[in-house]
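A.B. asks: Chain by chain, the residues:
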Amino acid sequence: MISKEEKKDLQKFALEIRIGTAEAIKARGFGHVGGSLSVADVLSVLYGKEMKIDPKNPDMPERDKLVCSKGHAGPAVYAALALKGYFPYEELKTLNQPGTNLPSHCDRNKTVGIDMTTGSLGQGTSTAAGMALGDKIKKRDNRIFLFVGDGEIDEGQVWEAFMFAAAKKLSNLVVLIDNNKKQLDGYTKNILDTGDLTAKMAAFGFDTQTIDGNDIEQICDALEHTRAGGDKPYAIVLDTIKGKGIKEVEETMANHSMNITPEKGDEWIAQLKAERKALGE
Amino acid sequence: MKTVYNGEMDSRLFKDVLGATIPALAKEDPDVIYLDADLMSCIGTAKWANENPEKAINCGIAEANMAGVACGLAATGFKPIMHTFGPFASRRCYDQVFMSGGYAKNAITILGTDPGVCAAFNGGTHMPFEDMALYRALPEATVIDIADANQLISVLNQSKDLPGVKYIRVGRKSAAKIYEDGATVPIGKGVTIREGKDAVVFAAGIMLHEAMQAAEMLAKENIEIAVIDMFTVKPLDEDCVIKYAQQTGAVVTAENHNKIGGLYSAVSEVLSRKQPTPVEYVAVEDEYGEVGPQDYLQKRYNLTADHIADKVRTVLKRK
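The listed protein sequences correspond, in order, to chains A and B.
If you use the working numbering, the first sequence closes out at 281, no skipped numbers anywhere.
If you use the working numbering, the second sequence closes out at 1319, no skipped numbers anywhere.
Derived from the structure by calculation, the hints contain no laboratory data.
Accuracy of the hints is not assured; some may be wrong.
[As the list claims (entries may be wrong)] For lysine-lysine, the following DSSO-like pairs were computed, each having C-alpha atoms within a straight-line distance of at most 27 Å: (1) B/K1243 x A/K169; (2) B/K1220 x A/K138; (3) A/K84 x A/K8; (4) A/K169 x B/K1299; (5) A/K136 x B/K1027; (6) A/K93 x A/K232; (7) B/K1317 x A/K138; (8) A/K168 x B/K1047; (9) B/K1105 x A/K168; (10) A/K52 x A/K189; (11) A/K264 x A/K232; (12) B/K1274 x A/K52; (13) A/K56 x B/K1105; (14) A/K110 x B/K1105; (15) A/K264 x A/K247.
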C-alpha cells in the first residue's frame, strides 16, 4: 500500500504526463492521443516510483527498461521522460516536426531514455524478451517492462514471444497489457475479439493480475507484486479507458489518432492544469 | 591470403564447420550468443547447445520471435548469431530484422542455410531465390554468399563484430576448396581466383566452383576468363567490378539466386553508371523452386559451368 501523499504525487505526475502529451500533440496538430492517454497512469507509477533509472545516466546497463511495443504511445512516454529530465520539456513541442528527436513511434537512436525502437506492432514483445534474457544471463538485477496494446495482440508474434518468455522463465519481464478495448477501426471485440486476456496470459504461463489500469493505487500494488522473482514472467492486464483523462477524447469513438486545433488543445490543457492545481503543489 | 583451388572438394561439410565454429566463437568471445529455430541438429550444434544453455538459445519454430529476441540480446550487449534455413531467415522474419535489427541499429548475424537449389529435397517451399534481394534492400546490411569452408570460418569471425545486419547464406554440404586453411577473407573485397583477359565472371556461393570449371572449358577454346569470388554481394566491391570490366570489356555474373535483386543486379547497377560494359547473367529466371537433387536443379535452373561458358561466349560477341 502506498501512502496518501505518495498517491497524490503520482496522480499529479500522471496529470503532468497528460499535459505534456497534449502539449506535444497540440503543437503538431494531430497525433495518437487515445492510446497515449490510456497509459499515462501506469507511466506515472513506472517512472515516478517503480523503475530503477537515472536520467543522468540513461545507458546504465543495470537500469530497468521500458519497451513500449505499442510504439504509437510515444508522446506519453516522451512526456514522462521530459518530466524526469531526460531532455528539455520544451522539446516535447517538436513531436513529428521535421528533423525531430521525437517521432510518432519510439526510436532508441533518436530519443534519450527510449530503450527500444518500436512501431511495427508486436515486435517489442520479442525484443523485450531478448532484453530480459540478456540481462538475466548477464546477472543484472533489473527488470524489463513491456507495454502491449490490446489491439496489438492480434499480431501472432506477440504470442510467440509470450510462449518464449514463459518457457525461458523470464521473471524479470513484466508485461503490461493496455486493455483499452479499442483499436484503430473500432472496438476490439468487433474486430478480432481477444477473449479473456487474463485467462490467456495465465494459460501462457504468466503470473497474471488484472486491475483498473487507470487507478494509481492498484497499479502500485500490482507492480510491487512483480518484484517477487520466481520462475514465471509477470503480466498485468490493465483495464483502461482509451483517451483517459480528457473527457472529449474518451467520448470520441475514433480516438486512436485525432486532429486537434490550437484552441481545442488549449482547452484540454487548461482543464488538465486545473485538475493538477486542485491536487496542490 | 592464398587461394588453393584445384577442383578438389573440401573434406569438411559446411554444417560441420558451422557446428565447430559457432561453439568456438562463443567460447572465445563471452558476448557471442547463438539462437536457432529448432534446426540445431541440422548444423551440428545441438549437443553443445544442450550443455551451454546460456550460450545457445533454442527459440522453437518461431523465426519472427527469434529475430526479435536476437535484437533484444544485441541491445543488452550480446553479439547474436541466429540460424535457420534461408527462406525462414529472410522472408519469415524480414520485418523483424528490418525494424528491430537494421532500423533500431541492433547488430545481428543471420545465418540462412541451404540457399537456392541447395534446398534440394525440401523443394520449392524451402528454396530461397529472393533472400539476397530482400537483404540487399535493407539499408546498411551486409549480404554474403559463401563458397568455401575456410571462407565461412573467416566470415563468421569478422561478422560478429561488424555493425548492422549481416546475412550469410551457406549450404550444408561440402564445396570445392578455394582458400588455404586459416585464411582471412576480408568481407567486402572481391577475390581473384583466376586471371584472364577476355572476360570476367563475378561468381558467388556454389557458382564459384562452376565458374572455375567454365574457365577450364573456355581455355580449351583459347578464351581466357578472369574469375572473381564476389562473395560479398553487399557492400559490393565496386573498385574490383570496375577494374575487371575495364580490363576485359565483357562481364558475366553467376549466382544461385533470382536474376532480380542479387549479384547480377548489384554488378549491373555499378557498371551502368560507372563503366558501361556488356553484362550477361547466370541466375534463376524469376521462377519458383522445385524439388529434386541439387545437380538436377542446377541444370533445371541453368546454374552450371556449361551455362556460364555459354554466357561468356554470348557476351564476347557483344564486345
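A.B. asks: If a hint holds in the structure, say so; if it doesn't, say that too.
C.D. replies: Each hint tested on the structure:
1. B/K1243 x A/K169: Measuring from Cα to Cα gives roughly 55 Å; hence the hint is violated.
2. B/K1220 x A/K138: The hint is violated at about 61 Å.
3. A/K84 x A/K8: 17 Å, holds
4. A/K169 x B/K1299: 49 Å, violated
5. A/K136 x B/K1027: Distance ~19 Å between A/K136 and B/K1027 Cα, so the pair holds.
6. A/K93 x A/K232: Distance ~40 Å between A/K93 and A/K232 Cα, so the pair is violated.
7. B/K1317 x A/K138: 62 Å, violated
8. A/K168 x B/K1047: 19 Å, holds
9. B/K1105 x A/K168: Since the Cα atoms of B/K1105 and A/K168 sit roughly 25 Å apart, the hinted pair holds (cutoff 27 Å).
10. A/K52 x A/K189: Roughly 36 Å separates the two Cα atoms, so the pair is violated.
11. A/K264 x A/K232: Judged against 27 Å, a Cα distance of about 45 Å means the pair is violated.
12. B/K1274 x A/K52: Roughly 55 Å separates the two Cα atoms, so the pair is violated.
13. A/K56 x B/K1105: 23 Å, holds
14. A/K110 x B/K1105: Holds - the C-alpha atoms of B/K1105 and A/K110 are around 11 Å apart, at most 27 Å.
15. A/K264 x A/K247: 12 Å, holds
Checked against the numbered hints given earlier, the structure breaks hints 1, 2, 4, 6, 7, 10, 11 and 12 and satisfies all the rest.
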